[in-house]
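Following the hints, position chain B with the ligands against chain A.
There are 2 protein chains.
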Amino acid sequence: MYCYSKFTLAPSATIGGGTVGGGVYELLTRRISSPLACIKKICVRDLQKTRDFTVDPTCTLTDSLDDVLNDETLNCIVEVMGGTGIAKDVVLRALSSGKHVVTANKALIAEHLGEIQKAIGEAEGSPSFAYEAAVCGAIPIINTLQSCYSGDNITSVMGICNGTTNFMLCKMEDGADYGEVLKEAQDLGFAEADPTADVEGHDVRAKISILAKLAYGVTVPITSIPTTGISSITSVDFEYAKSMNCTIKLIGTAARTSEHGEHDGPLTVYVAPKMVPTSHVMGGVGGAGNAVAVTSANMGLAAYTGPGAGRYPTANSIVADVMRIANGNQGPAFPKTASLKLSTDYESSFYIRISISDGLGIIKSVGACAESSGVSISQILQNAINDREAVDFCVTTEIALLSQVKMFVEELKKLSFVKKEVMFMPIMEE
Amino acid sequence: MYCYSKFTLAPSATIGGGTVGGGVYELLTRRISSPLACIKKICVRDLQKTRDFTVDPTCTLTDSLDDVLNDETLNCIVEVMGGTGIAKDVVLRALSSGKHVVTANKALIAEHLGEIQKAIGEAEGSPSFAYEAAVCGAIPIINTLQSCYSGDNITSVMGICNGTTNFMLCKMEDGADYGEVLKEAQDLGFAEADPTADVEGHDVRAKISILAKLAYGVTVPITSIPTTGISSITSVDFEYAKSMNCTIKLIGTAARTSEHGEHDGPLTVYVAPKMVPTSHVMGGVGGAGNAVAVTSANMGLAAYTGPGAGRYPTANSIVADVMRIANGNQGPAFPKTASLKLSTDYESSFYIRISISDGLGIIKSVGACAESSGVSISQILQNAINDREAVDFCVTTEIALLSQVKMFVEELKKLSFVKKEVMFMPIMEE
Ligand SMILES: NC(=O)c1ccc[n+]([C@@H]2O[C@H](COP(=O)([O-])OP(=O)(O)OC[C@H]3O[C@@H](n4cnc5c(N)ncnc54)[C@H](OP(=O)(O)O)[C@@H]3O)[C@@H](O)[C@H]2O)c1
Ligand SMILES: NC(=O)c1ccc[n+]([C@@H]2O[C@H](COP(=O)([O-])OP(=O)(O)OC[C@H]3O[C@@H](n4cnc5c(N)ncnc54)[C@H](OP(=O)(O)O)[C@@H]3O)[C@@H](O)[C@H]2O)c1
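Chains A and B are the protein sequences, given in the same order.
Its first residue numbered 1, the first sequence is counted upward by one per residue in the UniProt record's numbering.
Its first residue numbered 1, the second sequence is counted upward by one per residue in the UniProt record's numbering.
Just chain A, with the same shape it has in the complex (with noise of 0.2 Å):
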């Protein structure tokens, strides 16, 4: 078992060597090139793969996990080879023989979290467990939330945090289809073959699952997180959300409810579209951008933002682990615990579109649907009728219970008039 102590040598290695392994070892070798940090051995799956970065002779390419985990010479072992199986196995053996760990992997995070802290420990030798490069790639977001708010109440943590969801709706906006612009995504390399866990959110429910715990100090169980992708999304509500001076942005959200007083009830943990007031820094996150909006008692609100994935960006942020296990100031994991109510009841005004053929009558009929769900109507808005049998409006909610919202919709299906689905989704407060 190591021991922990400050200014530590840490001889590491990668288990992985594409995208993100080859930056880091070119970031360690050719920028840092400390004595405190330097990479011994990359274990890839194929020794016969060209690589698109030159080893050195001090380093060795190897195929065998164990030649890496049995290997008592080595005290950090940076896992960037992704999935939820071997990397699990990975993790836990390196940290249960005392070797430090950093990870690019939320997948992995959100779904295994408490056998990792098992695996951690807590005593004071206990080896660190860093991953700023999970959530937002280059962002400082982890680190952030680990040490910046020891003192505050955090009230809500927003993330745009799926790079690939962003770029597609920020080209929607600009007129682009859905499905034309998920072409464009996968043919530019965004985009996966198989584009589920981009679009349909969860990607970013992992992240927000981490985000949840390190804010709160809540475990939330990924499975009971409400997720909402954008494939529902169309043409006509970026019409409306420009009537409303939002865009559309997919959001992870964690927020304290507000029960007795502000923000004292259960925490909601859930990832769905937004609309976004285009004034909110939240609303001018463009392309493959991500952003993190952090609300608490003491700062206000306060957002980061930057690059969430690529090669040097999530590089860059497992070498700043990396040398700060290296030099002995890696705080612990998951510094809160807590035990919070969790709810999935989140509360938000909110957007609805609503397809009707036209007639007489009918925003009576809605207002007594609004009214019989316990939802008050803020606004109905209505862009240009072209065809009277395919008309479509917009109504917007003062706050409200997301279950409230559903009896309403509910309500609105079984009106005679109402056509197709009712899309709904969460309005962000300016």
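Be aware that a few hints might be false.
Copies of the same chain are indistinguishable here, so a pair counts whether it falls within one copy or spans any two.
[Claimed, not checked] When the alpha-carbon atoms are kept at most 27 Å apart in a straight line, the in silico DSS-like pairs for lysine-lysine are as follows:
| hint | residue 1 | residue 2 |
| --- | --- | --- |
| 1 | Lys171 | Lys242 |
| 2 | Lys336 | Lys40 |
| 3 | Lys406 | Lys341 |
| 4 | Lys171 | Lys183 |
| 5 | Lys364 | Lys413 |
| 6 | Lys406 | Lys420 |
Calculated directly from the structure, the hints in this document are not laboratory data.
Only chain B with the ligands this time, still in chain A's reference frame:
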């Protein structure tokens, strides 16, 4: 001499019990109440003054600096008295007796960096010196620059780091005039009775010198930093800004110039109002908000925004520093040391506003002045002319050196039809 070890108990004292000091005491006592960090003494100037926070019986209020500095049971001093005289002695005495120091005092750090560094020392048992609150209140930019860019090359750091002037510029953008808005800022308690430090950019200068030290490892004497404030900006500049899709912000900049390649030249550090595209994250910073944008090789553009001052935002950063020290995770105060050539001749594209009596051949003469100064003109804009004797227009340039633009301006002033002061400012890139 205290020996630095992980998880030190940190009995602390604050020197100062005003806006920030009171906030620090409240947060550490009411919100954290960790055995690791508690305030045992608060030193103030006037013991008779009524405090706006309650001091527990476990804490002593004193007006004797010696009572605090000679107390060997205290190992962390929070300097929140301000000023660069007594405060300097306090900080140096505390450090040289091995006490950790936390401060919010940007003026002190900027003016006496060398002496402070000497007092900290470099040995492993050296005390910590933490100053997150000194630049941009609640935004964790000090920590981020200290530990998140270790494997990166920073090309520029730009900060909106004075809330008062940002508030004033936002109001001026909405049509208010300089004198009017200065009075409003004073009435609201943003601006001091003597607003010089804010409006002439001295406060920003202190802060950008600290950010430059962190980003580049170079100590830049504040007297060598070209500094322009906001007092010569008029509503006309905001009109031109609008037609350029820009706004005007007071920006502290530290950037590498490009000599032989990209960003390989001398370091330039300066303070000036800038034309900032409204689409840039810095263009969206409203009210008394602060923001720092860092551009680097690995990360591209990352930006950090939040409140820049006020009791709790500032105290929050101090408390985070104290807790990092108590937990043994505070890294070195100034991790980078480098020698880089400095230059006051910064490069940028520029906006130049010229007042003239209208006539013929003006553009041709202006073009000749530009050519002889080596400046390429990019655009010429003229707002509606009301009075032919008092016409203004603006010229924007391609990337040029400050010295070239100054020469251009001197040439312009020689022209018979050019009136009054010629006003110029850099334009921030998209
Ligand atoms: N790419 C990004 O921008 C980004 C951003 C943030 C986080 N991440 C995370 O970083 C991790 C790595 O991503 P990546 O883009 O670098 O992936 P990648 O390019 O596919 O690289 C994966 C690497 O792991 C190696 N590997 C896979 N299975 C292995 C096994 N069983 N034994 C040994 N080596 C194995 C592969 O070896 P071969 O090269 O021989 O196939 C490859 O070198 C993932 O968790 C991802 O979520 C990536
Ligand atoms: N206020 C902000 O928003 C803010 C933001 C960022 C940084 N800062 C920095 O924080 C520092 C403090 O600012 P502040 O706003 O808290 O100032 P403040 O409200 O004027 O408080 C200063 C405190 O220091 C005490 N003091 C002054 N001289 C003293 C002496 N010779 N011996 C003992 N105590 C002395 C004063 O005692 P009495 O109360 O008895 O007069 C007072 O409690 C400054 O360096 C400032 O630049 C402030």
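These are the hints, each one checked on the structure:
1. Lys171 with Lys242: both (14 Å within a copy, 26 Å between copies)
2. Lys336 with Lys40: Between. Shortest inter-copy distance 25 Å satisfies the 27 Å Cα cut-off; intra-copy 34 Å does not.
3. Lys406 with Lys341: within (22 Å within a copy, 63 Å between copies)
4. Lys171 with Lys183: This pair counts as within: shortest intra-copy Cα distance 12 Å, inter-copy 45 Å.
5. Lys364 with Lys413: So Lys364 and Lys413 pass the 27 Å test inside one copy only (15 Å; across, 69 Å).
6. Lys406 with Lys420: Answer is within: at 15 Å inside a copy they meet the 27 Å cutoff, but 65 Å across does not.
Hint violations for this structure: none, all hints satisfied.
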